[in-house]
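There are 2 protein chains.
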Amino acid sequence: MNKKIIATLATAVFLLSACSDPTGGNTSNNPVDTKGETDKTTTSNQLSNDYYKTIVTDGGYQISKTRGSTLGLNSNFNLKAFETGLMSLSQVHFDTGNYYFQEGQYIDSTTANNWLKRVSEKNPDGLNPEDNGKKESNERNPYYLNSVLEQDYMIKKDDKFTLGGISIGLSMNAIDYYQKVEFGDEYKTKISRDELLKQGKEMANKIVQRLRKTEGVGKIPIVVGIFEQSPKDSLAGGSFIVEAVSENGSTKVGNWRALNQKKVVFPLVDETSNELSNFENFKSEVENFFPNLSGVTAEASYTDDQLVKMKVSIITQFYGESEIIGFTQYVADKAATFLPPNIPIEITIESINGTESFMSRKIGETKFYTHIFN
Amino acid sequence: MNKKIIATLATAVFLLSACSDPTGGNTSNNPVDTKGETDKTTTSNQLSNDYYKTIVTDGGYQISKTRGSTLGLNSNFNLKAFETGLMSLSQVHFDTGNYYFQEGQYIDSTTANNWLKRVSEKNPDGLNPEDNGKKESNERNPYYLNSVLEQDYMIKKDDKFTLGGISIGLSMNAIDYYQKVEFGDEYKTKISRDELLKQGKEMANKIVQRLRKTEGVGKIPIVVGIFEQSPKDSLAGGSFIVEAVSENGSTKVGNWRALNQKKVVFPLVDETSNELSNFENFKSEVENFFPNLSGVTAEASYTDDQLVKMKVSIITQFYGESEIIGFTQYVADKAATFLPPNIPIEITIESINGTESFMSRKIGETKFYTHIFN
Numbered sequence: 001m002n003k004k005i006i007a008t009l010a011t012a013v014f015l016l017s018a019c020s021d022p023t024g025g026n027t028s029n030n031p032v033d034t035k036g037e038t039d040k041t042t043t044s045n046q047l048s049n050d051y052y053k054t055i056v057t058d059g060g061y062q063i064s065k066t067r068g069s070t071l072g073l074n075s076n077f078n079l080k081a082f083e084t085g086l087m088s089l090s091q092v093h094f095d096t097g098n099y100y101f102q103e104g105q106y107i108d109s110t111t112a113n114n115w116l117k118r119v120s121e122k123n124p125d126g127l128n129p130e131d132n133g134k135k136e137s138n139e140r141n142p143y144y145l146n147s148v149l150e151q152d153y154m155i156k157k158d159d160k161f162t163l164g165g166i167s168i169g170l171s172m173n174a175i176d177y178y179q180k181v182e183f184g185d186e187y188k189t190k191i192s193r194d195e196l197l198k199q200g201k202e203m204a205n206k207i208v209q210r211l212r213k214t215e216g217v218g219k220i221p222i223v224v225g226i227f228e229q230s231p232k233d234s235l236a237g238g239s240f241i242v243e244a245v246s247e248n249g250s251t252k253v254g255n256w257r258a259l260n261q262k263k264v265v266f267p268l269v270d271e272t273s274n275e276l277s278n279f280e281n282f283k284s285e286v287e288n289f290f291p292n293l294s295g296v297t298a299e300a301s302y303t304d305d306q307l308v309k310m311k312v313s314i315i316t317q318f319y320g321e322s323e324i325i326g327f328t329q330y331v332a333d334k335a336a337t338f339l340p341p342n343i344p345i346e347i348t349i350e351s352i353n354g355t356e357s358f359m360s361r362k363i364g365e366t367k368f369y370t371h372i373f374n
Numbered sequence: 001m002n003k004k005i006i007a008t009l010a011t012a013v014f015l016l017s018a019c020s021d022p023t024g025g026n027t028s029n030n031p032v033d034t035k036g037e038t039d040k041t042t043t044s045n046q047l048s049n050d051y052y053k054t055i056v057t058d059g060g061y062q063i064s065k066t067r068g069s070t071l072g073l074n075s076n077f078n079l080k081a082f083e084t085g086l087m088s089l090s091q092v093h094f095d096t097g098n099y100y101f102q103e104g105q106y107i108d109s110t111t112a113n114n115w116l117k118r119v120s121e122k123n124p125d126g127l128n129p130e131d132n133g134k135k136e137s138n139e140r141n142p143y144y145l146n147s148v149l150e151q152d153y154m155i156k157k158d159d160k161f162t163l164g165g166i167s168i169g170l171s172m173n174a175i176d177y178y179q180k181v182e183f184g185d186e187y188k189t190k191i192s193r194d195e196l197l198k199q200g201k202e203m204a205n206k207i208v209q210r211l212r213k214t215e216g217v218g219k220i221p222i223v224v225g226i227f228e229q230s231p232k233d234s235l236a237g238g239s240f241i242v243e244a245v246s247e248n249g250s251t252k253v254g255n256w257r258a259l260n261q262k263k264v265v266f267p268l269v270d271e272t273s274n275e276l277s278n279f280e281n282f283k284s285e286v287e288n289f290f291p292n293l294s295g296v297t298a299e300a301s302y303t304d305d306q307l308v309k310m311k312v313s314i315i316t317q318f319y320g321e322s323e324i325i326g327f328t329q330y331v332a333d334k335a336a337t338f339l340p341p342n343i344p345i346e347i348t349i350e351s352i353n354g355t356e357s358f359m360s361r362k363i364g365e366t367k368f369y370t371h372i373f374n
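Chains C and Y, in that order, give the protein sequences. With the first letter of the first sequence counted as 1, position 158 gets the number 158 in our numbering; the numbers rise by one all the way through. With the first letter of the second sequence counted as 1, position 9 gets the number 9 in our numbering; the numbers rise by one all the way through.
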């Protein structure tokens, strides 16, 4: 971060688009103010090319209209993978140099809730299938769609911020957890990848069609990604499996592109790979070093069957600060020796008191950055 | 961290010194093996000049003979300040380039426990004063000494590691918390700085005298630091207030040197300073930005009345990952603008899920390193 003065964009005035023409067209040159003038600036600090600068509205953070909707995902791992995954996907279409991030402002909370419910006479907008009255896991209609996430990507023109693109993430259940009676035992309906994709793609087209009718969306590109949640008990988050774009104001998405991404948790039984055996060696060295048994796991991310990222988590008990320092030094040594080169790696060491230290190596770097919290 | 191969010091054999001559002399050239041969190597990774390389014994971490003794301090803040503070103090006498860290191996657990107890007929080695039978806070004899920490500093000669110095920390109570009856209410005896120092200095001489009689210690330099604990409810750790060295096998420490270090927690009421008002501005900007009220505090470390270090802690509630990213970017902006330049600063952002992100700027650096855990 440079200690440069924050860009004085405070005078940049952005007016919310409110064009009543549902067929849209980019309304940025003719904004209609529905809410009074709003000062929009951005954070001057962009953490890396992986992150967008964020829009600052009236000196504050503009929260999502469906704030908290991702809290309903299976786990915090899924929440983080879903939100950051949609940002990564968006970078292919909206580059971080020219686009600014804004939390979703076009799908409101009531709308999103209705979409997530089952379709019924009372709720014609529901995207999940109707209740067929069955309770058995292989007979009932499961909830396919778990959460909808909107992200807005803004562009700056003549000191004004205007909508440049929208990304929509659909978080789908590979397992639908349900109760037969309220507060009863939890049952599971498994959903095949094929069925999940078929349902997700249909929903994507419905959502795009509805968004095109939403005030202010107009003809801007809409990116849609379908995310497959990992199970509740998984230590890895889920992944986006396909994506598509709706361009030129189309009410459908274009061709779907398979993403071939997956996350697996090391150690893994019944599998062999170079990465895995190297990780096993790392784990065994680390566990032998320290007298209290450490939990050593990793989330390994693959794209097109290539390992692209690794997040290592070590949990152990410490009896003092010098133990944390010595252990961290040792882990840094062994990480350099055993973990794969040329991919980003993040290692956190935790105790009952929280994160004690962490190491991080970005892509293209040969050194680990190490920090001990003391 | 370089990805260099770990120094193959595995053949370096270190034999525990066990010279029976209590007047000592550096026994490193004539080691007597009491426990069988022990392979000692070191971590090849030294995190920064602030940290010593750690001795690795038989591929494992050699724990302290009084392991866990610092867990009895008033708080985790005190524990970390006590252990890392003694390491910092040691660096003045044992430089990190030539000395290696080893957990204390000369004061065993039984010995330390006896020292920490009250002196009595049954426990003649007790360093805390005898029980005078009084229960009132201003009449009873308080426990002055809370914990004793030993750190060993090793030097390498001809591929062998030998003891080069010992540092002893005495953690003293500025407040002695006690119960009048077992499991009863907690009462406090306050101890003045003068009394604390007087008692600590006397104890230091007794400890040095005893250490000189301990097998293997010989004439090596012994650094002693007196640490004043912060209260249980303080968000800052305590500080070392004086230090002295015992050299050439002396059974006393030499002249005491005042350290004039203190830690204060920002925001502070009833005080004014440039640093404080800058911090207040930072805090106010950060709190206004985010819709959920954030707890923003800092531990400011002073040496000779100069601010030398700042640790900022921000605790807030997040409803999604993009909020964490946007908030972190904003905090990084404001930290660069409002927080003091030219000192090391560490900022952690935490939620109920633990550490979400952190920023760190070392001394001499102008950029913050930023990391988001996702």
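Wrong hints could be hidden among the right ones.
A pair holds if it fits inside one copy or across any two, identical chains being indistinguishable in the list.
Computed cross-link-like contacts, EDC-like style, restricted to lysine to aspartate or glutamate with a CA-CA straight-line distance of at most 20 Å [claimed, not checked]:
hint, residue 1, residue 2
1, Lys134, Asp108
2, Lys334, Asp39
3, Lys334, Asp58
4, Lys134, Glu186
5, Lys201, Glu139
These aren't lab readings, by the way, just hints derived from the structure by calculation.
Find the hints from earlier in the document that the structure breaks and name them by number, from lowest to highest.
Of the numbered hints given earlier, those the structure breaks are 1, 5, listed in rising order.
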